[in-house]
Amino acid sequence: MDDRIREHARTLVDWSARVDPGDEVVMRVAEGAHDLAVAVAAELGTRGATLVATYGSDEVQRAYLRAHDGDFAPAEAERALYDRADVYLSLGGGRNTTATADVPGDVRSAHARARTDAREARMATDWVSTVHPTRSLAQAAGMSYEAYVDFVYDAVLRDWASLAEEMAGLKEILDDGREVRIVGEGTDLTLSIEGRTAVNSAASVAYDSHNLPSGEVFTAPATAEGEVTFDVPITVQGRRLRDAHLVFEDGAVVDFSAAAGEDALADLLATDDGAKRLGELGVGMNRGITRPTDNVLFDEKMAGTVHLALGRSYDACLPAGESGNGSAIHTDLITRMGEGSRLVVDGDVIQRDGLFRWEDGFEG
Numbered sequence: 001m002d003d004r005i006r007e008h009a010r011t012l013v014d015w016s017a018r019v020d021p022g023d024e025v026v027m028r029v030a031e032g033a034h035d036l037a038v039a040v041a042a043e044l045g046t047r048g049a050t051l052v053a054t055y056g057s058d059e060v061q062r063a064y065l066r067a068h069d070g071d072f073a074p075a076e077a078e079r080a081l082y083d084r085a086d087v088y089l090s091l092g093g094g095r096n097t098t099a100t101a102d103v104p105g106d107v108r109s110a111h112a113r114a115r116t117d118a119r120e121a122r123m124a125t126d127w128v129s130t131v132h133p134t135r136s137l138a139q140a141a142g143m144s145y146e147a148y149v150d151f152v153y154d155a156v157l158r159d160w161a162s163l164a165e166e167m168a169g170l171k172e173i174l175d176d177g178r179e180v181r182i183v184g185e186g187t188d189l190t191l192s193i194e195g196r197t198a199v200n201s202a203a204s205v206a207y208d209s210h211n212l213p214s215g216e217v218f219t220a221p222a223t224a225e226g227e228v229t230f231d232v233p234i235t236v237q238g239r240r241l242r243d244a245h246l247v248f249e250d251g252a253v254v255d256f257s258a259a260a261g262e263d264a265l266a267d268l269l270a271t272d273d274g275a276k277r278l279g280e281l282g283v284g285m286n287r288g289i290t291r292p293t294d295n296v297l298f299d300e301k302m303a304g305t306v307h308l309a310l311g312r313s314y315d316a317c318l319p320a321g322e323s324g325n326g327s328a329i330h331t332d333l334i335t336r337m338g339e340g341s342r343l344v345v346d347g348d349v350i351q352r353d354g355l356f357r358w359e360d361g362f363e364g
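Residue numbers for the sequence shown follow the working numbering, beginning at 1 and rising by one.
No lab work stands behind these hints, which were simulated from the structure alone.
Ideal Cβ positions, reconstructed from N, Cα and C, are used throughout, including at glycine.
There's no promise every hint is true.
Estimated spans, in silico, between C-beta atoms of each pair [what the hints assert, rightly or not]:
1. Gly-321 x Asp-117: 34 to 42 Å
2. Glu-194 x Ser-144: 44 to 52 Å
3. Ala-63 x Ser-144: 39 to 47 Å
4. Glu-194 x Ala-124: 23 to 31 Å
5. Ala-73 x Asp-102: 21 to 29 Å
6. Gly-169 x Val-107: 39 to 47 Å
7. Asp-175 x Val-60: 26 to 34 Å
8. Asp-176 x Ala-320: 13 to 21 Å
9. Glu-179 x Glu-7: 35 to 43 Å
10. Asp-154 x Asp-188: 17 to 25 Å
Make a model of the complete structure from these sequences and hints.
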């Protein structure tokens, strides 16, 4: 076994999930993630945790959804599993990144709604999602398998404590801020963030962060006005989405288009009322992620990008007693902060041309 797999497992269990002796851990193992699952199981065993491993397959999911009539009952057994769990670990992988592309959009939406309670129970655990490098993911990224493996570990095996310290500065700016403006090609969007709390997403539940790799600072906008173009292509529900353009008025999407995958975007927006509103503004800061790979777990953390999520907002960003935007989806869309772009907080330029004001080369 590649020693980096064992290091990935240790990072996931110790830094990210902070597993303690006696913790009840549910681990979802995707197709292709077997080696990482073996390494994680060993780490959990040495720490005296209790493990339940489940199997996750897009092909199995496709078969189920295509055969179903679409009248889904609530996922009570799944909810009960998460209700008893302390930690949930998702080990992504897969054999075909577009395995569910031919599942009808209305069936997807109905299934997502039926799983709302189970999903909320899962998100109440100390949950962490990560990815084991597979050949299908390398192919989706347009990379050789060997190059993709190196890419994944460059993103995952970082000095997370140092990155957390850097990101704390942006968190402070957003915590104190009232208004964010994002300006770029095809983009001029203003977001209200007053009273919201930003999360220093340093790949650990100790920071209210649930992805490995991570490397972003995110918050939950209250309103949105203007337009935004997402120029980082991404696969959404098995379908390729490219150059999506959204127009917001009074916080909701009032118009949309896309160069490719417009039907997928339409299906997302039709999920429920909350799917037309934003649940997240995130700013990528992981410079170990150097290019898009058609995997949102990595792409949204890429330094020099901003992402906005349609749908559910995270409680960690909201004032006590405020529920925020609710939805059966949380789908991230990404735009590059390239030449001519600006990220502005309360009139101050925080980032220009993809560089933060504390980085070498920034021009005020």
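How the hints compare with the structure:
| no. | hint | verdict |
| --- | --- | --- |
| 1 | Gly-321 x Asp-117: 34 to 42 Å | violated (21 Å) |
| 2 | Glu-194 x Ser-144: 44 to 52 Å | holds (47 Å) |
| 3 | Ala-63 x Ser-144: 39 to 47 Å | violated (31 Å) |
| 4 | Glu-194 x Ala-124: 23 to 31 Å | holds (27 Å) |
| 5 | Ala-73 x Asp-102: 21 to 29 Å | holds (23 Å) |
| 6 | Gly-169 x Val-107: 39 to 47 Å | holds (44 Å) |
| 7 | Asp-175 x Val-60: 26 to 34 Å | violated (42 Å) |
| 8 | Asp-176 x Ala-320: 13 to 21 Å | holds (18 Å) |
| 9 | Glu-179 x Glu-7: 35 to 43 Å | holds (41 Å) |
| 10 | Asp-154 x Asp-188: 17 to 25 Å | violated (34 Å) |
The structure is inconsistent with the numbered hints 1, 3, 7 and 10, although it conforms to all the rest.
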